[in-house]
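Protein sequences, first through last, are from chains A and B.
Take the first sequence: its letters are residues 1 to 381, numbered as in our numbering.
Take the second sequence: its letters are residues 1001 to 1198, numbered as in our numbering.
In case anyone wonders, no lab produced these hints; they're calculated from the structure.
Using N, Cα and C, we set each Cβ at its ideal position, and we do this for glycine too.
Hints are supplied without guarantee of correctness; some may be wrong.
Far from chain A, by Cβ distances over 12 Å, these chain B residues were calculated [to be verified]:
| # | residue |
| --- | --- |
| 1 | 1034 |
| 2 | 1126 |
| 3 | 1172 |
Estimated spans, in silico, between C-beta atoms of each pair [what the hints assert, rightly or not]:
| # | chain 1 | residue 1 | chain 2 | residue 2 | range |
| --- | --- | --- | --- | --- | --- |
| 4 | A | 6 | B | 1169 | 38 to 48 Å |
| 5 | B | 1183 | A | 43 | 50 to 60 Å |
| 6 | B | 1074 | A | 353 | 29 to 39 Å |
| 7 | B | 1172 | A | 6 | 43 to 53 Å |
| 8 | A | 61 | B | 1116 | 27 to 37 Å |
| 9 | A | 55 | B | 1184 | 15 to 25 Å |
| 10 | B | 1132 | A | 197 | 55 to 65 Å |
| 11 | A | 47 | B | 1129 | 23 to 33 Å |
| 12 | A | 215 | B | 1074 | 49 to 59 Å |
| 13 | B | 1190 | A | 46 | 48 to 58 Å |
| 14 | A | 51 | B | 1116 | 45 to 55 Å |
| 15 | B | 1092 | A | 93 | 32 to 42 Å |
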Amino acid sequence: MRPAVLTGEYFMTGDVACAEGALAAGCRFFGGYPITPATEVAEHIAGRLPEVGGTFIQMEDEIAAMASIIGASCAGVKSMTSTSGPGFSLMMENIGLAICTETPCVVVNVQRAGPSTGLPTQGAQGDMMQARWGSHGHYDIIALAPSSPQEIFYQTIDAFNLSETYRLPVLIMTDEMIGHLSERVVIPDAKKIKTVSRPRPKGRKDRFKPFEPGPNGVAPMAHAGEGYHIHVTGLTHDERGYPVMTVEAQKAMMAQLMGKIQRNLDDIIRTEAYRLEDAEVVIVSYGVSARTSLAAVDEAREQGIKAGLLRLVTVWPFPEAQIRNLAKKVKGFVTVEINLGQIHLEVERCAAGKVPSFLVGHPGGTIITPERVVEALKEFF
Amino acid sequence: MARGKRKAGRQEIIFTGFGGQGIILAGRILGQAAVIGDHRESTLVQAYGPEARGGACSAQVTIADQPIHYPYVRRPDVLVCMSQGGFDKFIGQMKEGGTLLIDQDLVQPRGFGGQFFSIPSTRIAEELGRKMMANIIMLGFFTAITGAVSLDAARDAVTDSVPKGTEEMNGTAFNKGCDYGLAVLKGREKKATGKAGA
């Protein structure tokens, strides 16, 4: 039996590193349904969970998979699922349920080219707006976008920690390229890994209000079967969790769901700058396209173009303030992503006409080359 | 080319063949040898079709001393072909003066004018009793010819990557390929010095 944290140095795919990151974060339940190119996450964790006393269930479909991780989390177990585009679409309704019931869980989307069944074995980054708005109603979400197997290991831990801290589903929006890329992954000592668990209730069980925010703005979470009187529903509810069909209750609940994210943007948003200090042109990118962009920045600089990269480590919430500030001092933005303009729209919105914003996009199925980005920089600026 | 001696700089390698030959595994062993054994940087990109067996597949491996930003192989320095389809698809991408390695029973290097190295890896594997070890034989051959990774690192990575209980058999297969490669190199050296002396 191997331990949950497999300390050591490996040559590992992103999918496997994601599964190992989940175990290191304390994930002990995985409910999923196989789908290329995310199957290896499920396959690997199916073998590993029994070694650490966890549970793996292959559900009948992705709707059930998402429901199962919400249930497991309500019972007090850190839970995850993984999928790709078609499965992500099926999960949308229950992602909304997890938002509304403030249930911590992690959903991994190893993106492939769509729409619909699309290109099962070939990657894309076309689900970024679906990640933001895919479930109905207005809500805030947290989504991360790893750029390497090493990063997906740490981001999966981070995703669990954010999800437990703020009580919501956190999305890892990776792509086929990173999921299937093998690279060095160093798994540190178990003692060096920081894990966070959801706030827990104290006091009288019969007077507990399951949706009453604690001192940090997030409600402590009682687990099923502990004796607390709780009611959990996707209907608009009050602090007791009871359905209340009024405009006032809707306003209060929405303020809670949005507020816990909006008040903590500085704690949640993560970006990384590469050669940005003196950059005149800023490339904005994430996931595998950030790898393209790193190479493009170096090649552009060699050709005399002062380019830099703002890499989005978290894509949602969007780093609006950072783009607005950069818009005051640079010549313009170029967003590099394997879709036909999604995050590009956000960059353009935040640039707000102060400087031009361009897209180097692709309909999906393959990676964007650094040469294409450098050519675009020359053409645009 | 040096045996077991470290090659400096960035090297891009494509292994290609059809699904079921262990092409991706060969790429993974190579990358693992570079990263774990030789303490260098390496990336492996795997490409395959929706069908698990029989379809065209390829493993793109980059080995470098610096972090690898862009992991896709555009102009391979080394192309290893274990199917005709793989050769036909990738030969046009190979770098000028690049090294071509083929399974001589499976690939005809049609229209290729440069120097290449060939081995009957599938036939040797059959003689060893397991056709599916052709990839490991090819990997031994590759290591001897190119020196892209050290022999020790490659051998360790093979032992670490194959199913339990088959380590010795696969080690033998690796050595067979390696010896074959060293013999080919020696033969060419002899020929070259012979020519120079004439």
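Kindly indicate which numbered hints from before are broken by the structure, ordering the numbers from low to high.
Numbers 1, 4, 5, 7, 8, 9, 10 and 15, in rising order.
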